[in-house]
Amino acid sequence: MKFAYYPGCSAKGSSADYEKSTQAVCAALGIHLEELPGWNCCGSTPAHAVDTELSAALCARNLDIAAREQAETVLTPCPSCLSNLRHAAKRMENPQFRARVDELLDTPAAAHFPEVTSVMQGIARVYDANAIAAQVKKSLKGVRLAAYYGCLMSRPPEVMDFGDPENPTLMESLLSACGAEMVDFPLKTACCGASFGIPERVMTARNSGRILELATQLGVDAVVVACPLCQMNLDLRQKQAAKEADAFFRMPVLYFTQMMGLAFGIAPEHLGLEKLRVSADELLRKIDGAQAGEGDR
Amino acid sequence: MNDAINLSRMRDAAFTAEVEAQSGQNVSTCYQCGNCTAGCPAGFVYDRQVNQIMRGVQLGLKDEVLNSRSIWMCLSCSTCSLRCPNNIDVAAVMETLRHMARKEGRVAVPKVEKFWFSFLDTVRAFGRTYEIGTMALYMMRSLRLFTDLDLAPEALKKKKLGFRPHVIPGGADAVARIMQRYKERAKREGVRP
Ligand code: SF4
Ligand code: SF4
Ligand code: SF4
Ligand code: SF4
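Chains A and B, in that order, give the protein sequences.
Residue 222 in my numbering is what sits at position 222 of the first sequence, and the numbering runs on without skipping anything.
Residue 48 in my numbering is what sits at position 48 of the second sequence, and the numbering runs on without skipping anything.
Heads up, simulated DSS-like pairs for lysine-lysine below, C-alpha to C-alpha not over 30 angstroms straight-line:
id: 1; chain 1: B; residue 1: 111; chain 2: A; residue 2: 243
id: 2; chain 1: A; residue 1: 2; chain 2: A; residue 2: 137
id: 3; chain 1: B; residue 1: 187; chain 2: A; residue 2: 90
id: 4; chain 1: A; residue 1: 12; chain 2: B; residue 2: 183
id: 5; chain 1: A; residue 1: 90; chain 2: B; residue 2: 103
id: 6; chain 1: A; residue 1: 243; chain 2: A; residue 2: 275
id: 7; chain 1: B; residue 1: 183; chain 2: B; residue 2: 103
id: 8; chain 1: A; residue 1: 239; chain 2: A; residue 2: 12
id: 9; chain 1: A; residue 1: 2; chain 2: A; residue 2: 90
id: 10; chain 1: A; residue 1: 137; chain 2: A; residue 2: 275
id: 11; chain 1: A; residue 1: 12; chain 2: A; residue 2: 90
id: 12; chain 1: A; residue 1: 239; chain 2: A; residue 2: 275
id: 13; chain 1: A; residue 1: 286; chain 2: A; residue 2: 239
id: 14; chain 1: A; residue 1: 12; chain 2: B; residue 2: 111
id: 15; chain 1: A; residue 1: 138; chain 2: A; residue 2: 275
id: 16; chain 1: A; residue 1: 2; chain 2: A; residue 2: 12
id: 17; chain 1: A; residue 1: 275; chain 2: A; residue 2: 2
id: 18; chain 1: A; residue 1: 239; chain 2: B; residue 2: 111
id: 19; chain 1: A; residue 1: 90; chain 2: B; residue 2: 183
id: 20; chain 1: A; residue 1: 243; chain 2: A; residue 2: 286
id: 21; chain 1: A; residue 1: 137; chain 2: A; residue 2: 286
Partner residues are not named here, just some residues of chain A that face chain B (Cβ under 10 angstroms, in silico):
id: 22; residue: 38
id: 23; residue: 61
id: 24; residue: 152
id: 25; residue: 189
id: 26; residue: 194
Keep in mind the hints are simulated off the structure, nothing from the lab.
Glycine included, every Cβ here is placed at the ideal spot set by N, Cα and C.
The whole structure should be built from the sequences, with the hints applied where relevant.
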């Protein structure tokens, strides 16, 4: 199975581990990701916060490349990219809006754009739970996880098409298929504070703190995420969050692709686990321990 | 004592109409239930809660609304839109207000705008963002040298931040041209880009 692929800038910088594990898991599943040639940044939050047409133009250039490559479906790992690309495609259906955006581009954008969806949905489209389970070499049995989607993946529902906007369940189905126990996580679509960590730290510290506090109370072994910025806020900024919450956290925060990769028996170094600030060693021991226990029986 | 009189003097019906047109939302259906505010993750740093902003828009209190810090601190998380019983896309109203304020040069929280510009500058230069570049530009703009310095040792150890910009193969000129045309058009139309 082949998909066009828009990695997003984080993949080339702060979330190289997301990229590595996405590639490893897709390779294991026989999903071929073909990177869009010459893609550019979607503009993220700053572009749409400044101007809707500027944001759409940055996205339209990528959608246009995808159309010219005759891609049917483009996958992206990053919910922020996904949100921007899908919003732009939707707004471009309005001819007046499209004309304003075309003015900003070198040449008018293609009349029809391919569909853009998340890597998670792309995987689920090709593999149902049974097919995923068949790939599992190291079951996550006995591992308790909280799925945290962040605020963008499922919202707004009419643009994102990701199931219930306050209770998406796709990550749970993929990871339960890998044997993990998924807890009910009421903050699964709460916002972590986005990129305000730089201009207004209390915003990320307070919001990420709530998420980490709940996960800690629920006694999970890790929080599993799908967004590079969520990962950074919950992991790299975990100490800042702990300080704000006047608490102590020691919560590993992994990408869902890293968790799936572990279940598929892919070596941790091929999943970029060394990049985590809060180490996942205990989690790895638990997975290996469960394997050993299984073997004894 | 004469709040009512002041209020009627401050009311600007054209402002209400403009917000409705730009956001595509009918703000008159808001009945102040407060659901948006109850779920807002940024409310604790707002000077006006989001339901108060909605009321301000209804009443046409242009200065009150466009000079508010809240429109700059909104996280665009859409929790408010999702939970509004009248299906108002409240997040779209907040974004519209931020655009209107920016275009008029009203920037109640300059550091937020400086951060966005720093980000967009790296996109203009390389076609892709690059964290260290964004941070460096932001520190220069805001004269805040110590932003996140506590994170630096670990971020570097884990190679979390890309040191070298990732440039579009074949060059980032196409992206720079998009940005340039955007700026020129804003100038022609007499708004702040
Ligand atoms: S949202 Fe983030 S990762 Fe995605 S392209 Fe934009 S800057 Fe890059
Ligand atoms: S980083 Fe925060 S703001 Fe962005 S999607 Fe994740 S939860 Fe939402
Ligand atoms: S949730 Fe909707 S109706 Fe209620 S106060 Fe907010 S905008 Fe008004
Ligand atoms: S979109 Fe903005 S106003 Fe609405 S809930 Fe999120 S932060 Fe609050």
